[in-house]
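Produce the entire structure from the sequences given, and follow the hints as far as they go.
So in this note's numbering the end of the sequence shown lands on 84, straight run, no missing numbers.
Hints may be right or wrong, so weigh each one.
DEER-style ranges, computed between Cβ atoms [said to hold, decoys possible]:
#1 Lys64 / Asp6: 33 to 43 Å
#2 Gly19 / Glu47: 17 to 27 Å
#3 Ala71 / Arg15: 12 to 22 Å
#4 Glu28 / Gly63: 13 to 23 Å
#5 Gly63 / Gly19: 11 to 21 Å
#6 Leu7 / Ala34: 11 to 21 Å
#7 Asp6 / Glu65: 32 to 42 Å
#8 Ser5 / Lys64: 33 to 43 Å
#9 Arg15 / Thr83: 18 to 28 Å
#10 Gly37 / Trp14: 15 to 25 Å
#11 Thr2 / Arg59: 30 to 40 Å
#12 Asp69 / Asp24: 18 to 28 Å
#13 Asp55 / Thr2: 33 to 43 Å
#14 Gly63 / Asp24: 17 to 27 Å
Simulated from the structure, these hints should not be mistaken for lab results.
Note that the coordinates shown come from a computational prediction; the quantities given were computed from them, not determined experimentally.
Just so you know, even glycine gets a beta-carbon here, dropped at the ideal spot from N, CA and C.
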Amino acid sequence: MTETSDLTLKRLRWRCRRGMRELDRLLERWLDQAWAGADAARRADFERLLETEDDRLWRWFMGKERPDDDALARLVADIAARTD
1 MTETSDLTLK
11 RLRWRCRRGM
21 RELDRLLERW
31 LDQAWAGADA
41 ARRADFERLL
51 ETEDDRLWRW
61 FMGKERPDDD
71 ALARLVADIA
81 ARTD
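If you want it as structure tokens, here you go:
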């Protein structure tokens, strides 16, 4: 791993830390399982997702609401479907 990618992963891992342990685990799981194989567009979607407020993220992951953005909706579905 290059120094740049190592720093990027550390920064993203920090941004995955939310106000809820459940959100932390969902986001960190995707980072660990999918980030390395994701293309640039999917990575950009993940970074946009991390800009979303915790309460809205939780409603999305619980299926109470759906993101208006189709790319984010697909990413939320992918993250929610992953298990340890």
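Do the hints match the structure? See the list:
no., hint, verdict
1, Lys64 / Asp6: 33 to 43 Å, "holds, 36 Å"
2, Gly19 / Glu47: 17 to 27 Å, "holds, 19 Å"
3, Ala71 / Arg15: 12 to 22 Å, "holds, 18 Å"
4, Glu28 / Gly63: 13 to 23 Å, "holds, 21 Å"
5, Gly63 / Gly19: 11 to 21 Å, "holds, 20 Å"
6, Leu7 / Ala34: 11 to 21 Å, "holds, 19 Å"
7, Asp6 / Glu65: 32 to 42 Å, "holds, 35 Å"
8, Ser5 / Lys64: 33 to 43 Å, "holds, 35 Å"
9, Arg15 / Thr83: 18 to 28 Å, "holds, 22 Å"
10, Gly37 / Trp14: 15 to 25 Å, "holds, 21 Å"
11, Thr2 / Arg59: 30 to 40 Å, "holds, 37 Å"
12, Asp69 / Asp24: 18 to 28 Å, "holds, 23 Å"
13, Asp55 / Thr2: 33 to 43 Å, "holds, 36 Å"
14, Gly63 / Asp24: 17 to 27 Å, "holds, 19 Å"
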